[in-house]
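*Asks:* Below, each chain spelled out in residue letters.
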Amino acid sequence: MTVDTPGAAAAASPATHAHDNYLTAGRGLLSWLFTLDHKRIGVMYLVGILSSFFLGGVFALLVRTELLTPGPTIMTADTYNKMFTLHGAVMIFLFIIPGIPATLGNFVLPLMLGAKDVALPRLNLASFWLWMIGAVVAVASIIMGAVDTGWTFYTPYSTTTGTAVISMTLGAFILGFSSIFTGLNFIVTVHKLRPEGMTWFKMPLFVWGIYSTAIIQVLATPVLGITLLLLIAERTLGVGIFDPALGGDPVLYQHFFWFYSHPAVYIMILPAMAIMSELMSVFSHKHIFGYRFIAWSSIAIAVLSFLVWGHHMFTSGQSGLANMVFSALTFSVAIPSAVKVFNWLATMYKGSISLDTPMLYALSFLFLFSIGGLTGLFLGALATDIHLHDTYFVVAHFHYVMFGGTVIAFLGGLHYWWPKLFGRMYSERWGRIGALLIFVGFNVTFFTQFVMGSHGMPRRYYNYLEQFKPYHQASTYGSYLLSLGFVVVAGYLLHSLFRGEKAPNNPWGGATLEWETSSPPPSSNFAHEMLAGDPYDIESLRFDPETRGYVRKDPGSVLLTRVGA
Amino acid sequence: MTSHSESHHDPHLAHHFESPAQQYQSARLGMWVFLVTEILFFGGLFCAYAVYRANHPEIFIFGHHFLDKGLGAFNTVVLICSSLTIAWAVRAAQLKQIRILKLMISLTLVCAFTFLGVKYVEYSHKWHAGLLWARSYAPQVDHGDGDHGATPESVQMAAPAGGESAAGATAAPAQPAPATAATPDHSNIAPAATGPAGLAVEAAGGGDEVVAEPKNAQTFFSIYFLMTGLHGIHVLGGIGAMFWLLFCARRGDFDTGHFTKVDMVALYWHLVDLIWIYLFLLLYLIH
Numbered sequence: 000m001t002v003d004t005p006g007a008a009a010a011a012s013p014a015t016h017a018h019d020n021y022l023t024a025g026r027g028l029l030s031w032l033f034t035l036d037h038k039r040i041g042v043m044y045l046v047g048i049l050s051s052f053f054l055g056g057v058f059a060l061l062v063r064t065e066l067l068t069p070g071p072t073i074m075t076a077d078t079y080n081k082m083f084t085l086h087g088a089v090m091i092f093l094f095i096i097p098g099i100p101a102t103l104g105n106f107v108l109p110l111m112l113g114a115k116d117v118a119l120p121r122l123n124l125a126s127f128w129l130w131m132i133g134a135v136v137a138v139a140s141i142i143m144g145a146v147d148t149g150w151t152f153y154t155p156y157s158t159t160t161g162t163a164v165i166s167m168t169l170g171a172f173i174l175g176f177s178s179i180f181t182g183l184n185f186i187v188t189v190h191k192l193r194p195e196g197m198t199w200f201k202m203p204l205f206v207w208g209i210y211s212t213a214i215i216q217v218l219a220t221p222v223l224g225i226t227l228l229l230l231i232a233e234r235t236l237g238v239g240i241f242d243p244a245l246g247g248d249p250v251l252y253q254h255f256f257w258f259y260s261h262p263a264v265y266i267m268i269l270p271a272m273a274i275m276s277e278l279m280s281v282f283s284h285k286h287i288f289g290y291r292f293i294a295w296s297s298i299a300i301a302v303l304s305f306l307v308w309g310h311h312m313f314t315s316g317q318s319g320l321a322n323m324v325f326s327a328l329t330f331s332v333a334i335p336s337a338v339k340v341f342n343w344l345a346t347m348y349k350g351s352i353s354l355d356t357p358m359l360y361a362l363s364f365l366f367l368f369s370i371g372g373l374t375g376l377f378l379g380a381l382a383t384d385i386h387l388h389d390t391y392f393v394v395a396h397f398h399y400v401m402f403g404g405t406v407i408a409f410l411g412g413l414h415y416w417w418p419k420l421f422g423r424m425y426s427e428r429w430g431r432i433g434a435l436l437i438f439v440g441f442n443v444t445f446f447t448q449f450v451m452g453s454h455g456m457p458r459r460y461y462n463y464l465e466q467f468k469p470y471h472q473a474s475t476y477g478s479y480l481l482s483l484g485f486v487v488v489a490g491y492l493l494h495s496l497f498r499g500e501k502a503p504n505n506p507w508g509g510a511t512l513e514w515e516t517s518s519p520p521p522s523s524n525f526a527h528e529m530l531a532g533d534p535y536d537i538e539s540l541r542f543d544p545e546t547r548g549y550v551r552k553d554p555g556s557v558l559l560t561r562v563g564a
Numbered sequence: 000m001t002s003h004s005e006s007h008h009d010p011h012l013a014h015h016f017e018s019p020a021q022q023y024q025s026a027r028l029g030m031w032v033f034l035v036t037e038i039l040f041f042g043g044l045f046c047a048y049a050v051y052r053a054n055h056p057e058i059f060i061f062g063h064h065f066l067d068k069g070l071g072a073f074n075t076v077v078l079i080c081s082s083l084t085i086a087w088a089v090r091a092a093q094l095k096q097i098r099i100l101k102l103m104i105s106l107t108l109v110c111a112f113t114f115l116g117v118k119y120v121e122y123s124h125k126w127h128a129g130l131l132w133a134r135s136y137a138p139q140v141d142h143g144d145g146d147h148g149a150t151p152e153s154v155q156m157a158a159p160a161g162g163e164s165a166a167g168a169t170a171a172p173a174q175p176a177p178a179t180a181a182t183p184d185h186s187n188i189a190p191a192a193t194g195p196a197g198l199a200v201e202a203a204g205g206g207d208e209v210v211a212e213p214k215n216a217q218t219f220f221s222i223y224f225l226m227t228g229l230h231g232i233h234v235l236g237g238i239g240a241m242f243w244l245l246f247c248a249r250r251g252d253f254d255t256g257h258f259t260k261v262d263m264v265a266l267y268w269h270l271v272d273l274i275w276i277y278l279f280l281l282l283y284l285i286h
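Here the protein sequences come in this chain order: A and B.
The first sequence begins at 0 in numbering that gives the first Met the number 0 and counts up by one.
The second sequence begins at 0 in numbering that gives the first Met the number 0 and counts up by one.
No lab work stands behind these hints: they were computed from the structure.
Beta carbons: idealized from backbone N, C-alpha and C, even for Gly.
Don't take each hint at face value.
From the derived model, a few chain B residues whose C-beta atoms are all more than 12 Å from chain A [as the list claims (entries may be wrong)]:
{"#": "1", "residue": "P10"}
{"#": "2", "residue": "A72"}
{"#": "3", "residue": "L106"}
{"#": "4", "residue": "Q139"}
{"#": "5", "residue": "A211"}
{"#": "6", "residue": "Y283"}
In the SDA-like style, the derived pairs of lysine to any residue whose C-alpha atoms are separated by at most 20 Å in a straight line are [what the hints assert, rightly or not]:
{"#": "7", "chain 1": "B", "residue 1": "K260", "chain 2": "B", "residue 2": "L235"}
{"#": "8", "chain 1": "A", "residue 1": "K285", "chain 2": "A", "residue 2": "F200"}
{"#": "9", "chain 1": "B", "residue 1": "K214", "chain 2": "B", "residue 2": "S105"}
{"#": "10", "chain 1": "A", "residue 1": "K285", "chain 2": "A", "residue 2": "V550"}
{"#": "11", "chain 1": "B", "residue 1": "K118", "chain 2": "B", "residue 2": "V76"}
{"#": "12", "chain 1": "B", "residue 1": "K214", "chain 2": "A", "residue 2": "L245"}
{"#": "13", "chain 1": "B", "residue 1": "K260", "chain 2": "A", "residue 2": "A125"}
{"#": "14", "chain 1": "B", "residue 1": "K101", "chain 2": "B", "residue 2": "I285"}
{"#": "15", "chain 1": "B", "residue 1": "K260", "chain 2": "B", "residue 2": "A128"}
{"#": "16", "chain 1": "B", "residue 1": "K214", "chain 2": "A", "residue 2": "P249"}
{"#": "17", "chain 1": "A", "residue 1": "K468", "chain 2": "A", "residue 2": "L60"}
{"#": "18", "chain 1": "B", "residue 1": "K214", "chain 2": "A", "residue 2": "A244"}
{"#": "19", "chain 1": "B", "residue 1": "K214", "chain 2": "B", "residue 2": "I285"}
{"#": "20", "chain 1": "A", "residue 1": "K201", "chain 2": "A", "residue 2": "K468"}
{"#": "21", "chain 1": "B", "residue 1": "K68", "chain 2": "B", "residue 2": "K118"}
{"#": "22", "chain 1": "B", "residue 1": "K260", "chain 2": "B", "residue 2": "A26"}
{"#": "23", "chain 1": "A", "residue 1": "K468", "chain 2": "A", "residue 2": "F200"}
{"#": "24", "chain 1": "A", "residue 1": "K468", "chain 2": "A", "residue 2": "V486"}
{"#": "25", "chain 1": "B", "residue 1": "K214", "chain 2": "A", "residue 2": "G246"}
{"#": "26", "chain 1": "A", "residue 1": "K468", "chain 2": "A", "residue 2": "P69"}
{"#": "27", "chain 1": "B", "residue 1": "K214", "chain 2": "A", "residue 2": "L236"}
{"#": "28", "chain 1": "B", "residue 1": "K214", "chain 2": "A", "residue 2": "D248"}
{"#": "29", "chain 1": "B", "residue 1": "K214", "chain 2": "A", "residue 2": "G237"}
{"#": "30", "chain 1": "A", "residue 1": "K349", "chain 2": "A", "residue 2": "G440"}
{"#": "31", "chain 1": "B", "residue 1": "K68", "chain 2": "B", "residue 2": "A128"}
{"#": "32", "chain 1": "B", "residue 1": "K68", "chain 2": "B", "residue 2": "Y277"}
{"#": "33", "chain 1": "B", "residue 1": "K260", "chain 2": "A", "residue 2": "R121"}
Looking at chain B on its own, in the form it has when it is part of the complex:
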């Protein structure tokens, strides 16, 4: 192909296109269609989520308390910022501002790595706490049998879990995020504190036995890891694409105002961002 395009004065125009505009429009349509397939790809998981949640709401109510809303919200902000920087990068490429372009792509990369770093912290919490998918699910804190309280950390979770402290239960949900964010090292404990507390609140209103871990609670973590894991793979793909853009920028591909590549990666990145927002809502912020 490269040998073919040498006959054109525009090095970016492939031989089978008549004009750069036609080539750009084709790439753009192709990318949009690809994004549609991505949505349907994730759609299957969202559908599985919806069906399972409709059948077993208690598992989701129980499980989501173990997710750290603070870190999730932070990651959401990080990704939204990265969408801004990548959009800015497209604008810079259009205006041939190569320095700004490189800066913006680098900033987007920083955001992407920050996101993955936070995700790593979250995953390792769950890893240590044994809050894993399916067969690997082996929580190291047991809930509801009320015999813990030996360590200060576990008091936090055990007190409401035992259902004996209505005061603690009502207090805890008021500030769940700071509590969890403040203790990132005590992985298995902090999320649990908000967890049973939230349940206990409901229990105060409706019944007594909701604090117990529901059957098949591990399915929540299966779904959590499947959805965020697939999203994480997409983030990795985006990181690869952005390094490629930096390489292209160094090579001088964008000096002529050819911005198709940046535009395509940006479209993809916006979708990755958008899917995360839904994941955040559906996994972290449910009641």
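Okay, chain A solo, but in the shape it has when bound:
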């Protein structure tokens, strides 16, 4: 293979890296908006997704503030219905589904493969543009009277309410295609752009996780697309497939919706688990434990994710047999999830653990995801679900998984790859303070919801009985603490962009390929052909006090296999 350096900077050597990086490769807004560079697209996604997270967070704070007292606090009941719907829809469709794959996945996956880009760069850009168009259409619904159906758009209410359901669902439809194209691109990239010597079981586990996610994105999202189209047709034309007055079946909508949206839950959590596998190994400075089990468990979760959607309809009049089958299948998801958790624990065992900020998030994940996962079993059990269905217990459960799992791992990954993304180190001390605030704030917010849910507080209610007041208030104050944590994180991360210390190539001691290139990487990713070896050969690295980063103990290490002809 000839060394091909795109652009003007021909034959860049490691010494000239500092002058050639993807951030400075072109100037002006258009050089970003029309870039085909996966790294720039990843960064643009990051900006878009964090903006959505901010927007969704504002809605969440408004909801929590309203619930400070029973009855009206700051808004009317109708506004409250719109606020929790917008919180859910923005967080799910704009933030958490594209979240990790489109940002960190886009940036890191080709680097981990030693590739110059994703396989289909134009499609990657198209996916980003679709995301932007979808986001605008979805957010436009706020101006057009917002939506008050809850993020699930259940019929028959969604076909009869006067709010802007069409705009929001059309937005979600377009965002779905953005997600499909991202997933499709990653599947092709993983299949076709792996370097020679990197067999399937020498891929980093992050790649395994993103690959499993991509399979779900590609197979499940089209069904959401057609479901939302049918919903739009139902509203505009009165088609009647979901309308019992016309012989239709509203529960069919729920089946369609959850056929996508339950696998979508794993679109959210699998990339988080993918990040966890990297963090656990790197910050324990130890080879990952049970590599093949973790890899296969990602695939197992992807497969099982398609077989459990019915557990959302235990109380919707599904047949008893279907309930029983879906319940059993739901329990089976716990197996691959637990396989991962135990392998991470075993990785830490006798490791040399560094409690850097990313590892603090990883430990938070272990704790919070375990609670979120185990409470999922309560809900998957038929008898307890009757009691807990549509209570705050459910709300707390999925926030422990989605927030305590996905968002926490996303933060961990963001801190882990931040030096690679922008070439700057953030303040470690503030990083730890931020992680602590978020951990405490999160638990205060949502653990109380488990308690009030099990006492019977229904979800989505504007008003509540006096007995729930202490829980609601604790939850609201917790959400303020949580927001403070995010303000801290945003503060020091932004500060680091301008004032941060220059990052070394490998600040944490990771052995995957992205740490072999400079921080930030050049436009062509690597100055020379890449070498593929064991991605968890972390013990072959040593700390170099001079650069304050990790370097190979033996640069010509035999563990590395030369790639290319």
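Keeping the supplied structure of chain A fixed, place chain B upon it in accordance with the hints.
*Replies:* Chain B in isolation, oriented as in the chain A frame:
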């Protein structure tokens, strides 16, 4: 990207691929995965169809008589021919036979436009007859109340519809296609002739009241328009892609034996064709 690929001797090789083979394989895998998403996309509609038909078979039995089997069959043949021509186009691109390539793409386009033309005729029949989706459903011929027969056309449909002519009912289904195909201008009448006739046959075997229009009959037309409409949009997409191929052929993209683009469009077109075959079976040829 174009500036990047200039450093290669092969102008079609993007900078991040090592070989044309790798690039071709990537495009091909990407296309196949895309086709999988398309199948799932249509799958939702097929599923809705299946559920609704299982719950309300009478609506489908009633409604399908208003579809013109002759035109549907003709369109099926047209699309199958277009699959042949586009496959031939791929072969021509591989062999660098640019003239044949252009001819085959043009023929495929002719087929695609023929398909849409016939679809236009079918849609306008239903438009005039008021056989539309959901709320717009306002059939201009009423069935089963037996008081028509004023015009010769409506005799055809009204006689069996009234349930009084067993002879007409048994005769009509024998040659439904010629009857309908022969009268494309009398939109609202001809399909109806085969419609109630078919029902009347069943009625002769089983009961008396099946000739009446079932409740929610409009749902059949909702599903019909949703499914064929979504398919039609895909046909339009294919037409756009084929014009693009012609443009690329003129520009000389295929002179070097680079046939990836043709191959991708062909794969897509085959799927469009395949979905139509299922639509034809499920909407036109049911009993």
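*Asks:* It remains to establish, for every hint, whether it holds in the given structure.
*Replies:* Now for the hints, and whether the structure bears them out:
no. : hint            : result
1   : P10             : holds (14 Å)
2   : A72             : holds (27 Å)
3   : L106            : holds (29 Å)
4   : Q139            : holds (19 Å)
5   : A211            : holds (16 Å)
6   : Y283            : holds (20 Å)
7   : B:K260 - B:L235 : holds (18 Å)
8   : A:K285 - A:F200 : holds (18 Å)
9   : B:K214 - B:S105 : violated (46 Å)
10  : A:K285 - A:V550 : holds (16 Å)
11  : B:K118 - B:V76  : holds (13 Å)
12  : B:K214 - A:L245 : holds (8 Å)
13  : B:K260 - A:A125 : holds (18 Å)
14  : B:K101 - B:I285 : violated (39 Å)
15  : B:K260 - B:A128 : violated (42 Å)
16  : B:K214 - A:P249 : holds (18 Å)
17  : A:K468 - A:L60  : holds (17 Å)
18  : B:K214 - A:A244 : holds (10 Å)
19  : B:K214 - B:I285 : holds (19 Å)
20  : A:K201 - A:K468 : violated (53 Å)
21  : B:K68 - B:K118  : holds (12 Å)
22  : B:K260 - B:A26  : holds (9 Å)
23  : A:K468 - A:F200 : violated (53 Å)
24  : A:K468 - A:V486 : violated (27 Å)
25  : B:K214 - A:G246 : holds (9 Å)
26  : A:K468 - A:P69  : holds (7 Å)
27  : B:K214 - A:L236 : holds (18 Å)
28  : B:K214 - A:D248 : holds (15 Å)
29  : B:K214 - A:G237 : holds (15 Å)
30  : A:K349 - A:G440 : violated (31 Å)
31  : B:K68 - B:A128  : holds (17 Å)
32  : B:K68 - B:Y277  : holds (14 Å)
33  : B:K260 - A:R121 : holds (14 Å)
Checked against the numbered hints listed earlier, the structure breaks hints 9, 14, 15, 20, 23, 24, 30; every other hint is satisfied.
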